[in-house]
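Taken in order, these protein sequences are the chains called A and U.
Plus 201 on top of the position in the first sequence (first one is 1) and you've got the numbering used here.
Plus 60 on top of the position in the second sequence (first one is 1) and you've got the numbering used here.
Hints are computed from structural coordinates only; laboratory data are not their basis.
Even glycine gets a Cβ: it sits at the ideal position worked out from N, Cα and C.
One or more of the hints may lead you astray.
[Said to hold, decoys possible] Listed next, the stretches of chain U that the computed footprint assigns to chain A, with coverage defined by at least 3 CB atoms under 8 Å from CB atoms of chain A:
{"hint": "1", "region": "221-235"}
{"hint": "2", "region": "254-266"}
{"hint": "3", "region": "314-324"}
[Claimed, not checked] In silico DSS-like cross-links for lysine-lysine, where the CA-CA straight-line distance does not exceed 25 Å:
{"hint": "4", "chain 1": "U", "residue 1": "Lys208", "chain 2": "A", "residue 2": "Lys382"}
{"hint": "5", "chain 1": "A", "residue 1": "Lys296", "chain 2": "A", "residue 2": "Lys317"}
{"hint": "6", "chain 1": "A", "residue 1": "Lys295", "chain 2": "A", "residue 2": "Lys267"}
{"hint": "7", "chain 1": "A", "residue 1": "Lys379", "chain 2": "U", "residue 2": "Lys208"}
{"hint": "8", "chain 1": "A", "residue 1": "Lys363", "chain 2": "U", "residue 2": "Lys208"}
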Amino acid sequence: MSIEISRRNLLKATGGLGAASLLGLSSEEMANAASAKPVRFANWSLYLDYDNKSKSYPTLVDFTKKTGIPVKYMEVVDDNDTFTAKVTPQLKLKKDIGYDIVVLTEWMAARWIGGKYVTKFDDAKIPNKKNVLPYLLNRPLDPGRHYSLPWAGIIAGFAWNKQRTPKGIQSMEQLFSKANKGKIEVLSEMRDTIGLIMMWQGVDIAKPFSQDKFMNAIDYLQKMIHDGFIRQVKGQSYQEDLISGDATAVIGWSGDINQLNLQNNNQFGFAIPESGGTFSTDNMMIPALSPNKAAAEAVINYYYDPMVAARVANYINYICPVGGAQQAMEKVNPKQVNNKLIFPDAAMWKNLHVFRDLSQAEQISFATAFQKASGNA
Amino acid sequence: MSTALLHTGTHEKKAVLKKKKLIPYWLLAPGIIWLIIFFLVPIYQLISTSTQTQGFGIGTYVQTYRFSNFADAISSSRAQLFRSFEYAFLATVFALIISYPLAYAVAFKSGRWKNTLLVLIVAPFFCSFLLRTVAWEQILGEQGLVIKTLRFLHIFSAQDHLTATPFAVVAGLTYNFLPFMTLPLYASLERIDIRMMEASGDLYANAITTFRRVTVPLSMPGVVAGTLLTFIPAAGDYINAELLGNPGTKMIGNVIEARYLAIVDYPGAAALSLILMVTILILVMAYVKRAGTEELV
Numbered sequence: 202m203s204i205e206i207s208r209r210n211l212l213k214a215t216g217g218l219g220a221a222s223l224l225g226l227s228s229e230e231m232a233n234a235a236s237a238k239p240v241r242f243a244n245w246s247l248y249l250d251y252d253n254k255s256k257s258y259p260t261l262v263d264f265t266k267k268t269g270i271p272v273k274y275m276e277v278v279d280d281n282d283t284f285t286a287k288v289t290p291q292l293k294l295k296k297d298i299g300y301d302i303v304v305l306t307e308w309m310a311a312r313w314i315g316g317k318y319v320t321k322f323d324d325a326k327i328p329n330k331k332n333v334l335p336y337l338l339n340r341p342l343d344p345g346r347h348y349s350l351p352w353a354g355i356i357a358g359f360a361w362n363k364q365r366t367p368k369g370i371q372s373m374e375q376l377f378s379k380a381n382k383g384k385i386e387v388l389s390e391m392r393d394t395i396g397l398i399m400m401w402q403g404v405d406i407a408k409p410f411s412q413d414k415f416m417n418a419i420d421y422l423q424k425m426i427h428d429g430f431i432r433q434v435k436g437q438s439y440q441e442d443l444i445s446g447d448a449t450a451v452i453g454w455s456g457d458i459n460q461l462n463l464q465n466n467n468q469f470g471f472a473i474p475e476s477g478g479t480f481s482t483d484n485m486m487i488p489a490l491s492p493n494k495a496a497a498e499a500v501i502n503y504y505y506d507p508m509v510a511a512r513v514a515n516y517i518n519y520i521c522p523v524g525g526a527q528q529a530m531e532k533v534n535p536k537q538v539n540n541k542l543i544f545p546d547a548a549m550w551k552n553l554h555v556f557r558d559l560s561q562a563e564q565i566s567f568a569t570a571f572q573k574a575s576g577n578a
Numbered sequence: 061m062s063t064a065l066l067h068t069g070t071h072e073k074k075a076v077l078k079k080k081k082l083i084p085y086w087l088l089a090p091g092i093i094w095l096i097i098f099f100l101v102p103i104y105q106l107i108s109t110s111t112q113t114q115g116f117g118i119g120t121y122v123q124t125y126r127f128s129n130f131a132d133a134i135s136s137s138r139a140q141l142f143r144s145f146e147y148a149f150l151a152t153v154f155a156l157i158i159s160y161p162l163a164y165a166v167a168f169k170s171g172r173w174k175n176t177l178l179v180l181i182v183a184p185f186f187c188s189f190l191l192r193t194v195a196w197e198q199i200l201g202e203q204g205l206v207i208k209t210l211r212f213l214h215i216f217s218a219q220d221h222l223t224a225t226p227f228a229v230v231a232g233l234t235y236n237f238l239p240f241m242t243l244p245l246y247a248s249l250e251r252i253d254i255r256m257m258e259a260s261g262d263l264y265a266n267a268i269t270t271f272r273r274v275t276v277p278l279s280m281p282g283v284v285a286g287t288l289l290t291f292i293p294a295a296g297d298y299i300n301a302e303l304l305g306n307p308g309t310k311m312i313g314n315v316i317e318a319r320y321l322a323i324v325d326y327p328g329a330a331a332l333s334l335i336l337m338v339t340i341l342i343l344v345m346a347y348v349k350r351a352g353t354e355e356l357v
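The shape of chain A in the complex, shown without the other chains:
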């Protein structure tokens, strides 16, 4: 699970995108801002608008121009568990972990907030917080959003190769069809894979459910693995398998498929299951003992400007958490204004569900069961 090697990471490792992409700035801007300490921003790959020509992140370049604050942008988060495991020793010792902003998925963000690994925002420094969609402002992980703010919303659903499955996939039965046998991949993100199965089994994953209900879904997953339907349980690298044809149908993430289609002639379809899709957010947080908190807050504030948010959303294709961004999108890219995977409508929101919070004991026993089903325990 930790060795997710996406095609792009591979390119980067071999010099494709180049080291310049690690910095959102040109040398000139670096010189201008040399006196200030850079904000060290840790994020997932392909999660910020990137300009191939100038090898820089346009919105970040504009930010530094406007404020004089340099930003060192690093695509170092490839997995919630691995990233957290790497910085946990420093977090526990209450030391600077080397990042001023980290972006983690909701359930992991909740663990960081619970462990007091993050610092409270100074709301006066983030006036744009008012632009955050109301629905995303009050989440169980952080009511009132004092420690975390959503970077993007993620939907997990079905994705397929249109050539192999021209009719598309709307239900679990269609996903596990004979035609796709042995070429199906599901996400190693437990809440997404098990969440989709549970909803298909008629369980409301947002409300309290018993361990039995969870285990029913595990049994189903195990059966599909055992019967040879599922090829692998993996993270974002399912994208490479979709492109190569090693996988023809997957449980995957909306934005990934959007981006894949842009580069591969719309070869792939994506749908939220009829029985419901899972929804989650990736969240920006400032680690406790970040020596550059005020500047980090300035960066966070900047990304809640609707115009900036629209530029980011246009590139990353995930749900935009900022109100007013849809109007701003008219100016950025009119084609995207009605993209429901960026700006879901009411009907779509109704079909998206958030996996409920798990207690510590549940987290451990569920994660163990999921890993066991995936062959890892």
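Chain A is already provided as a structure; the job is to place chain U on it using the hints.
Coordinates of chain U only, in the frame set by chain A:
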């Protein structure tokens, strides 16, 4: 007076002797310090973690000397433990079968190409282990030549695949650890005095008998070293199983990784790591005792 002189003389001699005796220890010091910091301390940490239990908060553990962690670890991951040794054994056997003729050819038949061939054997090391394994994903994958050929020859149907199979995992292990087998074999074979083989011929042994009774016994140190160097890392490997395998081919390394990172069960992971270490140690000791190590390396 003369006795007094003699006395001081022996004192000085003793001091010099003492100094001389200490020299080996000083020479050993960097190695010993290195071992203490990078081997003893982590091993102590590992042993200590292996008997802890879950405390308050995920990733927090308290020492309770719970030795049943070991029994739990074995009972829950027996399949992967056995599979690791099975795959490692298969990979070692295949590597030996491939390496022996290769090393033999390089040692005796390559002539002026010897150095070039040796460089070619080592060449894969210039590329990262991870990248090489990813490359195999593509070689054996749907767009690769192997599968296209097999389908063309109607050996494989459209549904059959090579990646995500035990075959791919064992093939990956064999490939990745092949140089570890070839190089010691080569070193051993290359040292054999060619006159021994000639003498064998003079004593009316045919080529096969010479190979069986002279070459193979003299190359045994290389075989032992090569099999150890292949088997040990292969048993603990998890990258091949992760990238080339499926949920049914996971090895013990994958279990340890998942326990550390996904389940956040450090004690379970530590217990499994120790079990793996001790099992390998026992297997290796038994093997070396049987095979003999006098001329190892």
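Now for the hints, and whether the structure bears them out:
1. 221-235: holds (count 3)
2. 254-266: violated (count 0)
3. 314-324: With 10 residues close enough to chain A, the hint holds.
4. U:Lys208 <-> A:Lys382: Distance ~19 Å between Lys208 (chain U) and Lys382 (chain A) Cα, so the pair holds.
5. A:Lys296 <-> A:Lys317: holds, 12 Å
6. A:Lys295 <-> A:Lys267: violated, 33 Å
7. A:Lys379 <-> U:Lys208: Holds, at roughly 22 Å.
8. A:Lys363 <-> U:Lys208: holds, 22 Å
In terms of the numbered hints stated before, the structure departs from hints 2 and 6, listed from lowest to highest.
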